[in-house]
Amino acid sequence: MSVLAALDIGLALLVFAVAAWTVFAPGAFAATVGYVVYGLLLSLVWIRLFAVDVALTEAAIGGGVTGVLLIGAAARLRQAEMTTVGEAPSGVTRLFAACLCVLVAAALAGVVLLLPDQGPTLAPQAMERLPETGLGNPVTAVLIAYRSFDTVLEKVVLVLAVVGVWSLAADRYWGGAPGEARAERPEPTLAFFAQMLAPIGIVVGVHIFWVGADEPGGAFQGGAILAAMWIILMMARLTEAPQTNAFWLRLALIAGPAVFLAAGVAGVAVAGGFFAYPSGLAKPIILFIEAFMVLSIAVTLPMLVAGPPRREPRR
Amino acid sequence: MSEGASAIAATAGGSLLPLAILVPATGVLLSFLLGGRQAQRIAFGLMPVQFVIAIGIASFVWRSGEPVVYLLGGYVPPLGIALRADGFSAVMLVTASLIMPAAGLYAWVNFSTPRGSTERRGPLVVWTLLQAVQAALSLIFLGGDLFNLYVALELLTFAAVPLVCLDGRPETLAAALRYLMFALFGALFYLLGVALLYGAYGTLDIVLLSERIRAEPAVWLAAGLMTAGLLAKTALFPLHLWLPPAHANAPAAASAVLSGLVVKGSFFLIVRLWFNVLPALPGAVPGTILATLGSAAILVGSTLALRQERLKLMIAYSTVAQIGYLFLMFPLGSGPWAADAFSGGVMQALSHAFAKAAMFLSAGLIAESLGHDRIAGLGGAGRAMPITFLALGLGGLSLMGLPPSGGFAAKWLLMKASIAAGQWVWAAVMLAGGLLAGGYLYRALAPALSGEPPNMKAAPRRSREGVALALALAAVLLAFAPPPFFAFLQIGCPAASVALR
Amino acid sequence: MTSGTLAGLVGAALVGLGLYGVIVDPQALRKILAFNLIGSGVFLVFGIVARKGAAAGLQSDPIPQAMVITGIVVAFAASALAVALTLRLFEETGRASLRADGGAKPGGDGAGPE
Amino acid sequence: MRFVIDVFSVAAIGGGVFFFLAGTVGLLRFPDPLSRLHALTKADNLGLGLVVLGLLPRTESLLGALELVAVWALVQLAGATAAQLIGRAVRRQGPAA
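Chains as they are written, first to last, in the numbering used here: chain A, 470 to 784; chain B, 2 to 502; chain C, 730 to 843; chain D, 5 to 101.
Rather than coming from a laboratory, the hints here were simulated on the basis of the structure. Where is the CB? At the ideal position from N, CA and C, for every residue including glycine. Don't take each hint at face value.
[Unchecked claim] Derived Cβ-Cβ restraints for the label pairs, each shown as a range:
#, chain 1, residue 1, chain 2, residue 2, range
1, B, L35, A, M665, 38 to 48 Å
2, A, V734, D, E64, 19 to 29 Å
3, A, L482, D, L89, 41 to 51 Å
4, A, F565, B, T289, 20 to 30 Å
5, D, S65, A, L482, 34 to 44 Å
6, B, R170, A, V734, 36 to 46 Å
7, A, M665, D, L66, 17 to 27 Å
[Claimed, not checked] Which stretches of chain A does chain B cover? Using the computed rule of at least three CB atoms under 8 Å from a CB of chain B, they are:
#, region
8, 590-597
9, 739-746
Work out the full structure, taking the sequences as your base and the hints as a guide.
Here you go:
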């Protein structure tokens, strides 16, 4: 057994153990912290699967931004935990659930083991059409060209998520800003950290988006890093969440899907079909679309973390 | 095989297919951006466009007698994504494009933004999300790629959940959260099946998959996981617990859309899965399981409906029961009776969509006019608002399966097929379900038609009563669907067309 | 056993673990955590499928990778909506669990909301 | 030359691993939050620093080396901030572990 294989097995066991912790940990807060660790470990697994684009996404969104969201919620729900004492299901239910889950996991594991080692693949086709797009990173080509319809609709899902989260505001707060008013001074330590990190993070985010055309990276990962910077600035109270009725905010939220949709429809005129790119111009158009997607992701994720409006709007 | 070859090339009229999705999606973005009064204007402006597109697609399918196909970006599957419209998709599209404006007209009164006033929460959310439901349903009806359909399922979830808890009362929040949990469970299990199918065959295109699929462990597991996930979203017994509180507590216009259309979205995908993706699997055992669950849903749902004290909850439980009928078509999917069974199932989906939308809108009017929707307090209300109760009653006709109604046509076809197949038990369940439906409807309607008219807060507007009545009449009119309509339904359905030959 | 298969097995185990958490734990927040476990397990199955599709000079089939990226973003959006609902429910009722029947009880008061 | 570099790398990375190990043991065994924090920051500072130092001669380009140093510097920044915040939280809530 090679060193690498030993490391793989160790990593697999660690991931499983931390996952088990998030399910069985006695407190919800501890479970949530476990989940954040889990997200980071998972991105290592993705590196071992040679899926660096996914690893970046998992680290930035799966571990990072989701972690902020869940830890924030766990902190606010600490009192709620007390009220669930005595609501835990009976032993019989647990046993039944455990049997069902073992069954599902075992069937899945069996099928995974049965999958052929050299499985069917679309990699050759993806590489064959890659030159038309002018891109060097096939994952970006799948997201923005071959299966662009998935991506554009998933961007609409993000807009709907924002509508859904905002819809949970009280009527009088509609149009106002999320989060408490900025009463306190900025937290000095966190403010220092944010001031140091934000410029670096912004450069890294833009860099990851830009190289995403040819190397691992892209609009999702770059946008998520920019989003993280905004979230840190808000946590340090150096800035506060904008009013949800601000036109610029809504414009930024829909810019990504809107530009993508517009480019897709323009394809009918210039390239003979919806979501087709004219030959030779594909790469600049793709980068143009991606730039707006970065903007939208960078704004959407912090707004989803910030939650529904909690202050009356200023007129 | 020639069918497969043609099904992965674009056909005439194909460009209408992306439009059916892009038009409402654009509406969502614009409504959210411009907000306030504009949101409502955009939603209403686009509804006729949507109807024209749906009719256009249906007429192309009709003329060619074959599925209409579009390849997005010019990338041919398996690399790219195809959209396909067959007979079933076309009628569902038209149905959705009729029920959405009805719900919209009804919601106009509750969710309008007067000129010059600032944007309010309810209207913006409702108008944005109704369009999102439309976009998601269009994609579900037209999607030709299983992962693309996963995105559609998520779109539908995000569009539907916030509608449930629009009023922010604790019980609606709990109902919405529960709904979201079931929907997430459903989407994840569906996605897991998608992963396995891609791992086994290297494509997610429905037509390509149907040619490659063989009965092997990965396919069985994928089929099981995807079906279980979709059943959770369709609220088939025993995964129905989330539905009644969610549907009964949403604003009436949203309830009509949720009960009439949204549950049909995931049902549509189950039909796609078993009839279009997996016809190669022996369907007898899974079909019997599905129909058994369906039968249980009919009996349990109807019985619970009989015991409800609120009108909207009764109607919501009746949805649980009526969903059950949809699944009686599955064990009858092969044999000379398959075409009848398929038509019966589709007919049930259509007639229930119209009838249930009519009933929820009527119940909403009753609740608004009386200030409550307690069944015990409905005495004499039928005299005060006869049109509303006529709509409620005509909708109920379809639920019971009495002629003339679309529900009758559906149940007749299903019964004919199950008797022809020698599977009497389904016919017996349908009869029992019809009697129970008669029971709960009688319980709500009989007191309303006698006694002194109660004090009303306000009489319902004629226009809104008219909307509910029009939907109920549509459910009745389906009874008179001519034979070419049933031939149209079979276009592009491999299992049923085999049976027709 | 390749590292790919190993990840697939971990994925299967995660789906099982997450499903258990979803069914058994009454707290909404922990159900959300468990859903995220199921989600990452599903993504790992995509990951192994991608790894086994290594070809044409690529170490991993890009199509499933792109699907996972889409899936991660959607999963985040779902978590955000679920968290917002849970917090609102907690503010309104002081509870954040789904065991107690939060739905409308039959015979509950009054009209449907308009 | 090769040999010298190898010896240097092994020594530095080995030292780094030792500090990580010691830090982890401290995290698990020390009685109160502040001393746990102390152990943890040692692992971050010295452990990661030595690992980076050991890897530096093995990078192929100047950019690669700079990236490694940047990783170390960012971890320093984040670690110091987290330690500060945790320390303050401990002081506010009292030293109960």
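Hint compliance check: list the failing hint numbers for this structure, sorted ascending.
The structure conflicts with hints 2, 3, although it agrees with all the remaining ones.
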